[in-house]
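Protein chains: 2
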Amino acid sequence: MANTPIRSVTLPKGFRAAGTTCGIKPSGKPDMALIVADVPCAAAAVFTRNRLPGAPIIAGKRHLRDGKAQAIVINAGVANDATGQEGIDNAITTCKRVTEELATRHGIALNFRDVIPSSTGVIGPQLPMDKISQGVIDLVKNLARGPKPDADASRGIMTTDLTPKPGNTSVKLGNTTARLGGIAKGSGMISPNLATMLVFITTDAAIKPAMLKLALKKATTASFNRISVDQHTSPSDTVAILASGLAGNRTITRPGKAFDQFTEKLTGLCNNLAYQIVKDGEGATRVFHVAVSGARSERHADRVAKAVVDSPLVKTAVHGGDPNWGRIVTAAGYAGVPITPNTLSLTIAGQVAAGKSGSQASGGGGGVCVFNQGVPTRLTSLENKRLKAAMKQKEVYFTLDLGQGNAAVSWLGCDLSREYIRINAEYTT
Amino acid sequence: MANTPIRSVTLPKGFRAAGTTCGIKPSGKPDMALIVADVPCAAAAVFTRNRLPGAPIIAGKRHLRDGKAQAIVINAGVANDATGQEGIDNAITTCKRVTEELATRHGIALNFRDVIPSSTGVIGPQLPMDKISQGVIDLVKNLARGPKPDADASRGIMTTDLTPKPGNTSVKLGNTTARLGGIAKGSGMISPNLATMLVFITTDAAIKPAMLKLALKKATTASFNRISVDQHTSPSDTVAILASGLAGNRTITRPGKAFDQFTEKLTGLCNNLAYQIVKDGEGATRVFHVAVSGARSERHADRVAKAVVDSPLVKTAVHGGDPNWGRIVTAAGYAGVPITPNTLSLTIAGQVAAGKSGSQASGGGGGVCVFNQGVPTRLTSLENKRLKAAMKQKEVYFTLDLGQGNAAVSWLGCDLSREYIRINAEYTT
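The listed protein sequences correspond, in order, to chains A and B. Under this note's numbering, the first sequence has 417 at position 401, and the numbering climbs by one with no breaks. Under this note's numbering, the second sequence has 286 at position 270, and the numbering climbs by one with no breaks.
Fair warning: there could be bad hints in the mix.
Pairs count within a copy or across copies, as identical chains cannot be separated in the list.
Said to hold, decoys possible - Okay, derived cross-link-like pairs now, PhoX-like style, lysine-lysine, Cα gap no bigger than 25 angstroms in a straight line: (1) K29 / K164; (2) K112 / K41; (3) K29 / K234; (4) K401 / K41; (5) K41 / K404.
Think of the hints as simulated: they come from the structure by calculation, not from any bench.
When you get a sec, could you build the whole thing from the sequences and use the hints?
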């Protein structure tokens, strides 16, 4: 996987990108990225529901009111959150610097409202605007298409991430093939609605802004909103998409077959990126899948899955490869959903899954039912052996059947390790 | 504190206690305790709100329907939770064994419904009834009053606790002094409503069952429901109280001055025990106090405080002594309360507090305001120094003012360390 870099945001027609190091991070690692479209794009974004949103989000929402945008500028290292009016001014100034440089160097005339700003990093400090300005100059100078700018952009948005997170897919719309490419960052403060997760997706599909927004909402609900690393919903979360329309398909203007096909592929790409985020969760050594079925509603299923995925006791049990399944059923017990113990069942399976899709939650028939309709199973020694082996796999599957209805969802989580503590006890200082 | 053992459950008139080792724990540490009153007692308990309550809780609720009890039998090592009907039968059998032994050895005639059963430990396995039976024999044989049985009982209920948690207080009711004594266990699965927290309190105050229940509810709300070690609400949580009435005060039969005095002292004792639980939180090296003021309602204040106390990012920042205050304000931001950023302020203080009360949340004037009405404070180098020093103290105080109303609460939490991971990654196996 590391050998052939995966193409991302400049794969669809009409996009260029760049990454650079402007010196925000004391480590001297890349800390800025830029994505620019050749033409005005339909644009949509989903932002954090944190009540203390970062300044770039406040500005970005305004810029997206018309459903159009043409560039995204991102910095890592400083989140520009909890920074008051000065922070909002800085986010806008960053956008203006981008338009100035694009005009000067490439003759592209944009309004600063065509630029979506985005930041991730430490909360509280103001953006170092001198460094940002120099970074914008470098980014605009380096704008290009191809594997290198794709890779540079994916690295320019990383914080505690160990690996860049690129992805792409394509969708057949009538006789036309449209491409989608995306980059993601995030490995801590990952919890739904959303998390310090930044995701930037480009596509050359032709689609109306309202439809693009709807597709993005559906895709996000089924992917990024069903992962959790540490339940701390970040104030900077952003999933943004630009659609250049250069693929040449008949513009998607309403729900229907083409819209469904586009949404399905977009959801697949989002699941791919979401899986990469969880796999790179801070200190994570294992990924676990929580499939909740038999719920009265999707809302109930989501609550139960989230309680399991967030429980530090479940996360440490997964870390230790310890089949302490009581922690899983009792996490379901405090999810705030009217669980009925005597219809509750739990099956555990493990798999050395190389799959990228986070939505598949079956353990492949090798599962061990440890709790059956409210009664702990008396396991044979063979079953016990299989259970222990399952818990030691890189990918562990928990299937909880509530026995109350037909709704089902699947979530992704990662284990909690000493490394998570190390990373987060020493982050700012 | 370790030199003179603190008296607890046999300090009030009319109580005997014992602890023993019956072999449930592979470690060979004490794992059973018994508290017996000389006379029938008014009794009340508050149990977990987990939807999968342990078998002893199902049995205990039935036994407490008449507001009377005379004994409490506890085992550690196996929680008797998620054990189906067999588990309930085992809990009842344990109570019956206690009454049989009490009758044989002490001539005390109790109904098994006068005994409250309680268990803590691994979820899933059935109780080893042979060991339990032998344990009951030893416990009944060793029943006594004084420092030793107090200490033995407090050790017999421990699981991952590093220290026993005893406490006592007294209350003047008219011309009579009534005593209260209590023991607690718990250092993991600690989250409100309630947590794997077992608390057993005795008093010789004369008080009607309904009033005792009301007093216990008030005391629990203000203490055990405002602490969190790891947010995993245990299915075994129990706070139980027996009132022998032997102090000789005029029986408390209705709300009023005597009831308020009793409730105040009971709350003080509960706060003392709650503080001991958090201080002994699994792997904890620091305690932090989250005082939320200026909220529109106590419910809002509780939600914000709980979000801060539970955030792994706040907990690791406290562990590292890192003044990463952005994590605190953004935790408030995702608490599900309509926070207004421009009225939000945060002050941080530290103190080498030896105090036992968890309710005091002021940093003593030495606090540094890092976020003032939505704007980060530009700290002087002296303030920065004070802030860093504050974060390194054993007790850290976060005061969040929402600027929206008059409601205020105070919560207690502890840091998240590598040691927590070690303890919980290797618990059952």
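Results for each hint:
In this homomeric assembly, K29 and K164 come within 25 angstroms of each other (Cα to Cα) only inside a single copy, at 16 angstroms, whereas the closest approach across copies is 80 angstroms. In this assembly of identical chains, K112 and K41 lie within 25 angstroms of each other by CA distance solely inside one copy; the values are 22 angstroms within and 67 angstroms between copies. Taking the shortest alpha-carbon separations for K29 and K234, only the intra-copy value of 24 angstroms comes in at or below 25 angstroms, while the best inter-copy value is 65 angstroms. Proximity of K401 to K41 under the C-alpha cut-off of 25 angstroms is restricted to the inter-copy arrangement: shortest distance 22 angstroms between copies versus 47 angstroms within a copy.
Within a single copy, K41 and K404 get their C-alpha atoms only as close as 43 angstroms, which misses the 25 angstroms cut-off; across copies the closest is 21 angstroms, which meets it.
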